[in-house]
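Protein chains in written order, with the UniProt record's numbering: chain A, 1 to 617; chain B, 1 to 259.
Just so you know, these hints were derived from the structure itself, not from any lab. We put the beta carbon where it would ideally sit given N, CA and C, even for glycine. Certain hints may be false.
Unchecked claim - Derived pair list, reagent style EDC-like, types lysine to aspartate or glutamate, alpha-carbon separation capped at 20 Å: (1) A:K406 with B:E153; (2) B:K199 with A:D401; (3) A:K609 with A:E383; (4) A:K476 with A:E456; (5) B:K195 with A:D401; (6) A:K406 with B:E196; (7) A:K102 with B:D126; (8) A:K366 with B:E223; (9) A:K102 with B:E92; (10) A:K609 with B:D126; (11) B:K199 with A:D495; (12) B:K195 with A:D397; (13) A:K367 with B:E89; (14) B:K199 with A:E407; (15) A:K377 with B:E89; (16) B:K191 with A:E407; (17) B:K124 with A:E384.
What the hints assert, rightly or not - Some chain A residues well away from chain B (every beta-carbon gap over 10 Å; in silico): (18) A124; (19) K129; (20) R393; (21) R394; (22) K410.
Unchecked claim - Which residues of chain B face chain A? A few of them, derived with a C-beta cut under 7 Å, are: (23) T69; (24) Q82; (25) G83; (26) V85; (27) M88; (28) N91; (29) T94.
Now for the letters of each chain:
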Amino acid sequence: MLEQLLIFTRGGLILWTCKELGNALKGSPIDTLIRSCLLEERSGAASYNYDAPGAAYTLKWTFHNELGLVFVAVYQRILHLLYVDELLAMAKREFSEIYDPKRMNYNDFDETFRQLRKEAEARAEELKKSKHVGKPVIDGKKQGQVKKGGFEGGNKKKSEANDGGDGDTGKSYKLETGHSNGNHVNIEGSRAVVANSKENASSNVGAFDVSKLQKLRSKGGKKTDTVVNKGSNVHPKKKITKKNRVWDDSPQESKLDFTDPLEENGNENIEVVGTDHGESMMDKEEIISSDSEDESEEVGKESKPDTKKKGWFSSMFQSIAGKANLEKSDLEPALKALKDRLMTKNVAEEIAEKLCESVAASLEGKKQASFTRISSKVQAAMEEALVRILTPRRSIDILRDVHAAKEQRKPYVVVFVGVNGVGKSTNLAKVAYWLLQHEISVMMAACDTFRSGAVEQLRTHARRLQIPIFEKGYEKDPAIVAKEAIQEAARNGSDVVLVDTAGRMQDNEPLMRALSKLVYLNNPDLVLFVGEALVGNDAVDQLSKFNQKLADLSTSPNPRLIDGILLTKFDTIDDKVGAALSMVYISGAPVMFVGCGQSYTDLKKLNVKSIVKTLLK
Amino acid sequence: MEGMEQWKNEAKQWLQQGIEYAHQIPPTQLYAAATVLLLTTLFLLIVRLFKRTKSNTIVLTGLTGSGKTVLFYQLQDGSSHQGTVTSMEPNEETFILHSESSKKGKIKPVHLVDVPGHSRLRPKLDEFLPQAAGIVFVVDALEFLPNLRGVSEYLYDILTKASVVKRKVPVLICCNKTDKVTAHTKDFIRKQLEKEIEKLRVSRSGISEADVANEFTLGIPGELFTFSHCSNKVTIAESSGLTGEISQVEQFIREHVKP
Numbered sequence: 001m002l003e004q005l006l007i008f009t010r011g012g013l014i015l016w017t018c019k020e021l022g023n024a025l026k027g028s029p030i031d032t033l034i035r036s037c038l039l040e041e042r043s044g045a046a047s048y049n050y051d052a053p054g055a056a057y058t059l060k061w062t063f064h065n066e067l068g069l070v071f072v073a074v075y076q077r078i079l080h081l082l083y084v085d086e087l088l089a090m091a092k093r094e095f096s097e098i099y100d101p102k103r104m105n106y107n108d109f110d111e112t113f114r115q116l117r118k119e120a121e122a123r124a125e126e127l128k129k130s131k132h133v134g135k136p137v138i139d140g141k142k143q144g145q146v147k148k149g150g151f152e153g154g155n156k157k158k159s160e161a162n163d164g165g166d167g168d169t170g171k172s173y174k175l176e177t178g179h180s181n182g183n184h185v186n187i188e189g190s191r192a193v194v195a196n197s198k199e200n201a202s203s204n205v206g207a208f209d210v211s212k213l214q215k216l217r218s219k220g221g222k223k224t225d226t227v228v229n230k231g232s233n234v235h236p237k238k239k240i241t242k243k244n245r246v247w248d249d250s251p252q253e254s255k256l257d258f259t260d261p262l263e264e265n266g267n268e269n270i271e272v273v274g275t276d277h278g279e280s281m282m283d284k285e286e287i288i289s290s291d292s293e294d295e296s297e298e299v300g301k302e303s304k305p306d307t308k309k310k311g312w313f314s315s316m317f318q319s320i321a322g323k324a325n326l327e328k329s330d331l332e333p334a335l336k337a338l339k340d341r342l343m344t345k346n347v348a349e350e351i352a353e354k355l356c357e358s359v360a361a362s363l364e365g366k367k368q369a370s371f372t373r374i375s376s377k378v379q380a381a382m383e384e385a386l387v388r389i390l391t392p393r394r395s396i397d398i399l400r401d402v403h404a405a406k407e408q409r410k411p412y413v414v415v416f417v418g419v420n421g422v423g424k425s426t427n428l429a430k431v432a433y434w435l436l437q438h439e440i441s442v443m444m445a446a447c448d449t450f451r452s453g454a455v456e457q458l459r460t461h462a463r464r465l466q467i468p469i470f471e472k473g474y475e476k477d478p479a480i481v482a483k484e485a486i487q488e489a490a491r492n493g494s495d496v497v498l499v500d501t502a503g504r505m506q507d508n509e510p511l512m513r514a515l516s517k518l519v520y521l522n523n524p525d526l527v528l529f530v531g532e533a534l535v536g537n538d539a540v541d542q543l544s545k546f547n548q549k550l551a552d553l554s555t556s557p558n559p560r561l562i563d564g565i566l567l568t569k570f571d572t573i574d575d576k577v578g579a580a581l582s583m584v585y586i587s588g589a590p591v592m593f594v595g596c597g598q599s600y601t602d603l604k605k606l607n608v609k610s611i612v613k614t615l616l617k
Numbered sequence: 001m002e003g004m005e006q007w008k009n010e011a012k013q014w015l016q017q018g019i020e021y022a023h024q025i026p027p028t029q030l031y032a033a034a035t036v037l038l039l040t041t042l043f044l045l046i047v048r049l050f051k052r053t054k055s056n057t058i059v060l061t062g063l064t065g066s067g068k069t070v071l072f073y074q075l076q077d078g079s080s081h082q083g084t085v086t087s088m089e090p091n092e093e094t095f096i097l098h099s100e101s102s103k104k105g106k107i108k109p110v111h112l113v114d115v116p117g118h119s120r121l122r123p124k125l126d127e128f129l130p131q132a133a134g135i136v137f138v139v140d141a142l143e144f145l146p147n148l149r150g151v152s153e154y155l156y157d158i159l160t161k162a163s164v165v166k167r168k169v170p171v172l173i174c175c176n177k178t179d180k181v182t183a184h185t186k187d188f189i190r191k192q193l194e195k196e197i198e199k200l201r202v203s204r205s206g207i208s209e210a211d212v213a214n215e216f217t218l219g220i221p222g223e224l225f226t227f228s229h230c231s232n233k234v235t236i237a238e239s240s241g242l243t244g245e246i247s248q249v250e251q252f253i254r255e256h257v258k259p
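Modelling step: build the complete structure from the supplied sequences, incorporating the hints.
Structure (structure tokens):
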């Protein structure tokens, strides 16, 4: 049962809502859809899930790009309605016939919509009946669980389902529930259905069936974000005491902590103060070369081989006359060329695919103006989309945040996380140098208690920059060290605390749990993910797993996720800047710094326009 | 080949005829004609120059969710129809304000632009500012304190843009949603904004050039910032988009889009 169907313009005015389905929507699903999906260039996705206290909706949408209209359907997530796509398409067709830019009131569409809905529902019913003939017995208990009982002609269905006979409609019901949240396991024999269960984290399931838990355990279900697995995994882990990590077959060393705070004889030679290396590149303006003219010609030459297939004359004619409407098949060659170009620039394959789908969704159905080629139009749309993604959603003015924290007399805590070897410690020192140049007092916290030499490395940086460092040596719990460091900073009046952590792979469960504990315990102001620009498709995996683990393994109701990205080793890639795009797209976090070298001054801001230009060159 | 020869000859003949005809006209007439032509072109250029300085564009801007699109439709049609959602694209229309549609006489239509407030769409504002004759900065008076930082940063950015400072574009800070009981008053909002902008001024001036996207600085160094320090006129008003209380906004628009 549809909750609501809205038609609104891209400028924001609602043109029509269905008055029959008068249910007020809980929360604000439409606004959230626009902000987190459509404006984030994920409009190629099939649907969007929205959770509010008291309701869980799924939203589906379609665009009419020529008239600038958006059609959105909202329904409860537990009901997997099959007719929504069709209904949206039909509504789009009917509405575009009566649409007039000057008209704001479309009450006559009510009647048309009612008929359309009846048709769509009837057609979906027939489809279900023809598909699911002769399926096994349904569980009568399942029907009671579903909250929304009000189908059209609902009585008829219920009686059919409770028959226990070959429930055609009942089976579809099962399919819906099985499809939406994977925890509804059908008890009698329809194992195949469960195999299709999706990854939707279900927050709308009130009571858990014990039988379901048993089923999951018996199958050894590999869903890490179910309560079941968490419960079964945590208990054994708590009993194991912490063992030293053994990397190879070498015999265990007795003493691992080689820090000796008293012994400093060998360190006097390196006592070079590093405060005067000049201006950090963060503060220098970037000189952008202006060669935008040449690019459009290059693009033209590259895409010509595609259009040659259609015939030179016909394409010229069409580009002058302008075709009626852009179809997906027309956009495909240009989009494919664009996607390949993005991938050669080291953008992750998944991201390039999603972006192209989103651009296609926004261009489909638009009239092709005369004297324009499809490729140039696609290019312009893609450029706009890229600028939109890379523009930060919130202010990345760290200095302002630091000043705000200073007023509240609290230190501003930054935690650097990332996988092994991306440059956390080096870039931490660069950030400290930059902050020092703006007259902010910094303190470092050495919470990398695993890697040999990590504490000494930070100590050397601290000595060169002449800032205090808080360290507790090796083999200590990083979360506790960080907590004590923050307390120390509050005591001696440091404005910023930079916390260095050990590198860890995103799949390593115990290490990720330790990181989550550090974040939860200390509640830092900024969780900075350090990623290298050389990474390829792994960027997607790294960021999504980090975010997922931070969310799952945290014990607080509002888990902290990654707030910003620090992109390192930017000087080693010439123009393969795609990693920046993949990381920003998958996490939604802005790129706050870019490390472009190995000395203190090599830290700069991300220049959105130059990156977009490089990506599309 | 022969055809081309023929055409060449014919063209030459026509040219000669034309020259003879031109010689036949007495020189005074020629000069008179030339001067008339010159004068008219000069006149048109001057007129166009003067016309350009009097633009009729008003830009509606502010944070997302402050009520710009509702205000836009109130000004245009007198009602906000069935409600609005977050805008994805700017709304622009040229029309006569709804409240004045019953007035007689020649009224200049207003070109109103509603720029989306979502931070991802901020660059769109720069497209419309160069032609703006006035800016209406809409502030949500209900959810003011949680968004205070975002509002003040956005306002600061606008007040320090070159296209605004150089052309002295007047700004109206419009406190929207005043029909609700818990909305703040315009004086409270003004004081809070001045305080925040003062803080921003201090922190932004401490940063070197590249960090500052602002081309100008605000206010007089050494004194607490008030809106009277701005070189362009900044006024503050109240309104309520949903109930239609938009008289102060209309007044502002009328003032700056002169008929």
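Restraint satisfaction for M88 (chain B) [CB to CB of chain A, less than 7 Å]: Hint holds; M88 (chain B) Cβ to chain A Cβ min 5 Å, cut 7 Å.
task: Grab the minimum C-beta distance from Q82 (chain B) to chain A and call the hint holds if it beats 7 Å, violated otherwise.
output: Because about 5 Å separates Q82 (chain B) from the closest Cβ in chain A, which is inside the 7 Å limit, the hint holds.
message: Hinted pair, alpha-carbon criterion (20 Å max): K102 (chain A), E92 (chain B). Please report holds or violated.
response: holds, 13 Å
- request: Against chain A, run the beta carbon of N91 (chain B) and see if the smallest gap drops under 7 Å.
  value: holds, 4 Å
- prompt: Straight-line Cα separation of K195 (chain B) and D401 (chain A) no greater than 20 Å?
  reply: holds, 16 Å
- request: Examine each Cβ of chain B, and state whether all of them lie more than 10 Å from the Cβ of K129 (chain A).
  value: holds, 37 Å
- request: Verify that the Cβ of K410 (chain A) lies farther than 10 Å from every Cβ atom of chain B, and report whether the claim holds or is violated.
  value: It holds; K410 (chain A) is separated from chain B by about 16 Å at its closest Cβ, greater than 10 Å.
- prompt: Far enough from chain B: is every CB of that chain over 10 Å from the CB of R394 (chain A)?
  reply: violated, 7 Å
query: Can the restraint linking K191 (chain B) and E407 (chain A) be considered satisfied, given a maximum Cα separation of 20 Å?
result: Holds. K191 (chain B) to E407 (chain A) sits at ~19 Å (cutoff 20 Å).
task: For the pair supplied as a hint, K377 (chain A) and E89 (chain B), confirm whether the alpha-carbon distance does not exceed 20 Å.
output: Since the Cα atoms of K377 (chain A) and E89 (chain B) sit roughly 18 Å apart, the hinted pair holds (cutoff 20 Å).
- request: Say whether it holds or is violated: R393 (chain A) keeps its Cβ farther than 10 Å from all Cβ of chain B.
  value: violated, 5 Å
- prompt: Regarding the hint that T69 (chain B) lies at the interface with chain A, is the smallest CB-CB distance below 7 Å?
  reply: holds, 4 Å
Violated hints, in rising order: 7, 8, 20, 21 and 29; the structure is consistent with all others.
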